[in-house]
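Two chains, two separate frames, one set of hints: put the complex together.
Protein chains in written order, with the numbering used here: chain H, 14 to 321; chain A, 1195 to 1441.
The hints are simulated quantities; they were obtained by calculation from the structure and are not laboratory data.
There may be inaccurate statements among the hints.
[Said to hold, decoys possible] Below, computed lysine to aspartate or glutamate pairings styled on EDC-like, alpha-carbon distance capped at 20 angstroms:
id, chain 1, residue 1, chain 2, residue 2
1, H, LYS116, H, ASP151
2, H, LYS287, A, GLU1422
3, H, LYS287, A, GLU1429
4, H, LYS73, A, ASP1353
5, A, LYS1262, A, ASP1273
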Amino acid sequence: MSESMIIAETSKGIVSPVTAELVSAAIALGTNPTVIVPCTDSSIADSAGYDGVAKTIAIKGDCFTNYDASSWASAIDAVMPSGSIVVAATPQSKDLAARIAAKRGLAVVQDVVKIDGKNLTSPVFSGKAMQTVSATGDFVISVRANIFQSASEGTANVSVIDQSGDVATAVQEIMERASARLDVSEANVIISGGRGMGSPDNFSHLERIADVLGAAVGASRAAVDTWDEIPHNMQVGQTGKTVNPNLYIAVGISGAIQHLAGMRSSKYIVAINKDADAPIFSHADYGIVSTWEETLPILEAALSSMMS
Amino acid sequence: MANIVVLVKRVPDTNARIVVNGNQVDLSAVKWVISPYDEFAIENALQHREAHGGSVTALTLGPSDADKVLKDAKAIGVDEIVRVWDDSWGELDSNGVQIALTEAITNLNADVVYCGKNAADTGAGSTGPGIAERLGWASVSNISDVSFDGGVTVTAPADGGSAKISLPTNVVISCDKGSVKVRKPNVKGIMMAKRSQVNVVSASAPSASITFVSHSPPPAKPAGKKYEGASSANEVAKLLRDEANVI
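Okay, chain A solo, but in the shape it has when bound (with noise of 0.2 angstroms):
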């Protein structure tokens, strides 16, 4: 009987279109949504708990509109949803992130911990690994596969290929989108997430050593050659080796 924990995060939908105003991108438009690797991870535990026994609970961090999220996880079959906040919080970095989580993590007695392999919003990657250093625990991030035959074993990326690896007990499972097909909420999912409670839980959390500066749109490209018909590609094979440089 595992005691399994996934991480989830909101993001704005990943075909919103993303805005700067000012300084700072405006997201007061955009439809949120999990994150899709989180999606994979929600799956993923899931499938554990179907095997192995136990109960899944999905673990996000933010105020009370990161709620929606917990419900959506809930309607997809997780066992209990849990926000850790606190309102006295100013900025928070990885650090401060990481070290609320893991104390939310030790207080709900996890023994194995699944997330995505990074956030759609940020794309950095460093909650999974982070919380198992501080848990103490192993991780492995990127998995493709998971399957559950006697322990736990993933396929992971390794040197160019990928590996097949048997995990200990505990450990932080961040997941990539690989062959999983994730389950789609029933309208019963849905009527029991709709009354469902989120358990909001405190931490404590360090104040920030990196902070926020500014949004900007990213860099213009200057625009390029375009060419008609095939025999073009002699040209352009030329010009990528004398111009670009990069063969």
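Bound-form chain H, shown alone (with noise of 0.2 angstroms):
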């Protein structure tokens, strides 16, 4: 059986679910995996134990403080055994899936849906089709979440390999870092707001649901480009941010083609908005046709009773 690297999902200094998922595919790709834990403190390790996996190996180094990619890839690379390389789909996972296979002259493929064999599926043109390639020799793949069972949790096996020497950090300098709300991309639920919000501040009503859910807030384009209060960062859709998470709530949103692209993959779809003919409805697995200025607090009031 030929091997596997999986490069666990890591975030603010734990690893993440999403990791179990990768084991799945590793498994489904007929590899025996090992998982590859880049972190600053190996304790983290001890909790990426999973049924299937025998290693799991903890690369400990002071890069991995922040993101850079070069850094990153040059640290993993060094001590990582040879195989086909699984990733998360997430922005910064695709960015270093690429450096990586890069530097090791493998091809890469991300976004991946469907494993069958050797067989890969990821949606192309914004998920309006499917595309499946072959692959033969080793390979790196991104995986997207909720797509994959969780492989049961298992005992970690897990050696510390030390890279906190002469890795150098390309990009220079982090001058100052902004904090904000949860980021639709890392988001597991995301409640999203239309120009059917009818202005910015409405978006407050929406912030009430995600902190009850736990939730990022996403805009559409409609309401991006209407108004300068909501930037650009929470736009999902074509031109903004692809998302598949777990609920997405759309509030006020017609459903154009631009958006539906964004999150038409999404796990499980509610749409609320006042016009039963919106195009949303179709892709909804669950519709409330109202305003949401009657919706929205008896939702809120039904999460916030069912979350205490």
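Take a look at the structure:
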């Protein structure tokens, strides 16, 4: 059986749950997976044990404090055994996957949603079609979240490799860091508003529900283009971010092809719109035909009582 | 004086309907455009030239039908337009595309490369970071804003927020939309672009280890449940918990 290296997804100093899905993807490839954990504190790798994974390698280095594609790729490549490479299809890990693939002269397939032997399927044309390719030899893939079952947790057999030494950081200096609400590209639950929200101030109603659910707040292109107060980093859609959370709640969004391109692969979609004919309803698992003014307070109260 | 290269790709208009015919998409009827994020890359490259001097070369990879997007870039204001292609190439995977582009970029003596954060057809975003690795350069991806006071400083996502990052000279910058307004071509630019010549160069590329099998339509979603009236939010909240298990 050929080997595969899963580069664990980490966020805020812990190994993210999506890593367990990567294990299932690696097993679907017919490979024998090892989990690689880039970290500054190797104890976080203790939680990265899964059924079917014999080895977990913690690569400990100061360079992993902040993301820099060049130094991360160098530090990981220097000590990671050969094999196919599997990462999560987050913006940062896709970037890292591309650099490591180039370093090792391997081809890369991003955003994989289906694995059938060595046939790999990903969305193309913003999800308007699917493309299947066939891979030979070792290769690199990023895998979309919420597609593969999570592998069961197991005991992590961790070995630690110190890479604190001489990895140069190519990007020169991080000058300042602005914190923000959870970004839509990292969230499992997203509530988005469109121009139907009427004014940017009304996004506060979405934020309150986001606080209840631990969700990110997104926006349609129409909302971003109309109101300066709604920044582009909230935009979900073709020229914004492509997301596939567990739950996507679209409020006052008609469902232009532009927007659907960025969120149609969400696991569950809720649409709230006063126009019963809005295209978003044909993509929604649960649709509510009503105004947001009437609906959101009821939804907020119902969710609050469930979450408390 | 910087020798700036901006990568552009010809893709179907993002509003185009994509039809799968047999086991392949039928693109015969679509309008072709510069990939939207590449437009932001062009704009940032032009601003780089205006701030620090130098020249901007738009580079694409493809057969001659890709010349139009180069001429579109020329109309917006790039100085040179170059297309890398070799009729002897078979199918190219990410490795082949990046090796050929890297050879062309090296021959152009580029100091800095701009590109879109991904192309609207594949959505992959592998080319920018992959080329940076092959050039031995730094790379920064998904940047929203760039400023040219002193050196080059970009705003990029970091740990759920954003960071301002000061860049070294040799770097590949992959551009997100950000606050930059893309300039439109003027009549003079369009006339100049019509008369301009595409410089076609060759490069070597290995054969693909990842090869195309088929296209298929996206999976259809089963019909959802639709409710009238705001009070149904109670029912939907219950379904999200008990049926969908997502909260």
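Cross-check of the supplied hints:
{"no.": "1", "hint": "LYS116(H) with ASP151(H)", "verdict": "13 angstroms, holds"}
{"no.": "2", "hint": "LYS287(H) with GLU1422(A)", "verdict": "9 angstroms, holds"}
{"no.": "3", "hint": "LYS287(H) with GLU1429(A)", "verdict": "18 angstroms, holds"}
{"no.": "4", "hint": "LYS73(H) with ASP1353(A)", "verdict": "19 angstroms, holds"}
{"no.": "5", "hint": "LYS1262(A) with ASP1273(A)", "verdict": "15 angstroms, holds"}
In this structure, every one of the numbered hints holds.
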